[in-house]
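Line by line, the protein sequences are chains Y and A. Numbered per this note's numbering, the first sequence spans residues 1 to 157. Numbered per this note's numbering, the second sequence spans residues 1 to 157.
Think of the hints as simulated: they come from the structure by calculation, not from any bench. Do not take every clue at face value.
[Claimed, not checked] Below, in silico cross-link-like pairs of lysine to any residue (SDA-like), each with a Cα-Cα straight-line distance of 20 Å or less:
#1 Lys-149/Y - Lys-4/A
#2 Lys-33/Y - Glu-6/Y
#3 Lys-98/A - Glu-76/A
#4 Lys-33/A - Lys-33/Y
#5 Lys-3/Y - Thr-46/Y
#6 Lys-98/A - Gln-130/Y
#7 Lys-125/Y - Glu-20/A
#8 Lys-149/Y - Gly-137/Y
#9 Lys-146/Y - Lys-125/Y
#10 Lys-4/A - Glu-40/A
#11 Lys-146/A - Gly-22/Y
#12 Lys-151/A - Glu-121/Y
#13 Lys-146/Y - Lys-33/A
#14 Lys-149/Y - Gly-22/A
#15 Lys-151/A - Gln-130/Y
#16 Lys-16/Y - Glu-6/Y
#17 Lys-125/A - Glu-121/Y
#18 Lys-16/Y - Lys-151/A
#19 Lys-146/Y - Ala-116/A
#20 Lys-16/A - Ala-108/A
#21 Lys-65/A - Ala-116/A
#22 Lys-33/Y - Met-133/A
#23 Lys-16/A - Asp-153/Y
#24 Lys-4/Y - Lys-98/Y
#25 Lys-146/A - Gln-130/Y
#26 Lys-16/A - Ile-155/Y
#27 Lys-98/Y - Arg-10/Y
#28 Lys-33/A - Lys-125/Y
#29 Lys-146/A - Leu-136/A
#30 Lys-98/A - Met-133/A
[To be verified] Far from chain A, some chain Y residues (derived; all Cβ distances over 10 Å):
#31 Gly-24
#32 Lys-33
#33 Ile-38
None of these values were measured; they are calculated from a predicted model. Glycine included, C-beta positions come from ideal geometry on N, C-alpha and C.
Protein chains: 2
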Amino acid sequence: MEKKIEFMLRAIELSKNGLESGKGGPFGCVIVKDGKIIGEGNNQVTSTNDPTAHAEMVAIRNACKNINSFQLEGCEVYTSCEPCPMCLGAIYWARPDKIYFANNRSDAAEIGFDDAFIYDEIEEKIENRQIQMEPLGRMEALEIFKQWKLKTDKIEY
Amino acid sequence: MEKKIEFMLRAIELSKNGLESGKGGPFGCVIVKDGKIIGEGNNQVTSTNDPTAHAEMVAIRNACKNINSFQLEGCEVYTSCEPCPMCLGAIYWARPDKIYFANNRSDAAEIGFDDAFIYDEIEEKIENRQIQMEPLGRMEALEIFKQWKLKTDKIEY
Numbered sequence: 001m002e003k004k005i006e007f008m009l010r011a012i013e014l015s016k017n018g019l020e021s022g023k024g025g026p027f028g029c030v031i032v033k034d035g036k037i038i039g040e041g042n043n044q045v046t047s048t049n050d051p052t053a054h055a056e057m058v059a060i061r062n063a064c065k066n067i068n069s070f071q072l073e074g075c076e077v078y079t080s081c082e083p084c085p086m087c088l089g090a091i092y093w094a095r096p097d098k099i100y101f102a103n104n105r106s107d108a109a110e111i112g113f114d115d116a117f118i119y120d121e122i123e124e125k126i127e128n129r130q131i132q133m134e135p136l137g138r139m140e141a142l143e144i145f146k147q148w149k150l151k152t153d154k155i156e157y
Numbered sequence: 001m002e003k004k005i006e007f008m009l010r011a012i013e014l015s016k017n018g019l020e021s022g023k024g025g026p027f028g029c030v031i032v033k034d035g036k037i038i039g040e041g042n043n044q045v046t047s048t049n050d051p052t053a054h055a056e057m058v059a060i061r062n063a064c065k066n067i068n069s070f071q072l073e074g075c076e077v078y079t080s081c082e083p084c085p086m087c088l089g090a091i092y093w094a095r096p097d098k099i100y101f102a103n104n105r106s107d108a109a110e111i112g113f114d115d116a117f118i119y120d121e122i123e124e125k126i127e128n129r130q131i132q133m134e135p136l137g138r139m140e141a142l143e144i145f146k147q148w149k150l151k152t153d154k155i156e157y
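Okay, chain Y solo, but in the shape it has when bound (with noise of 0.2 Å):
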């Protein structure tokens, strides 16, 4: 079997045990490094109480996690689903080389999940956004932007 296609299987198992386990909602994500398994995760919103536990996130915390870095230059990741904008922001930040994913947010939104929803919101003006966005103390915090600016020894990201 392709070894792109075993990863995949390996997140929709992992997608099928979080259900059946009770653990959250039906994801799973893999992250491959050099053709190996280097973190997964599956959606563990509802058994930890956290909204921010997708199946990429938890993956990609574990993998991270595992190779000692805060990026994943040269990874790829196979998701279940097609990744939310959090995931997909996650994603980004940390840097993989390429997505695979099997179900689309067409399909989450079939099942009641609210992907292509938030998709929806991103992409309106801050103030059509349906939770209320206002600017506030914008003189304040620029100050410590300019002293980030200013840092010499920062690590970037």
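Given chain Y, work out where chain A should sit, using these hints.
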């Protein structure tokens, strides 16, 4: 001092603490419910090797832990910078009532952070994104989604 300014100044203070102690980028966040802070966070990406450890994510996870819930209904998010797509996605999943933000995504780009780039990428069609995305295994994954739909004891979120 008006309460909302007080909460934002605390978020900015957290951003300053994180910067000065070398925990990570210059970002802080507090979550408020019924006029009280129920969760706090500052960016810890580089100090914990966790690319998902943005201030908002840390604060959301902290608040949810403190109130034993995966939802932040009735809460307000005060963040020292406009949330990146990952954090905005997390906020939508947590479903607070309102977001206050200080610096904006252009301010973040100005000091070297990818927020604006990731917003642009999320709005791109999948086939045009800089991280390649390839569909794989949808038929197998759809089976698990069907099981979720039929599951009678699931906790929805």
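What are the numbers of the hints the structure violates, in ascending order? 1, 4, 5, 7, 9, 12, 13, 15, 21, 25, 28, 30 and 31
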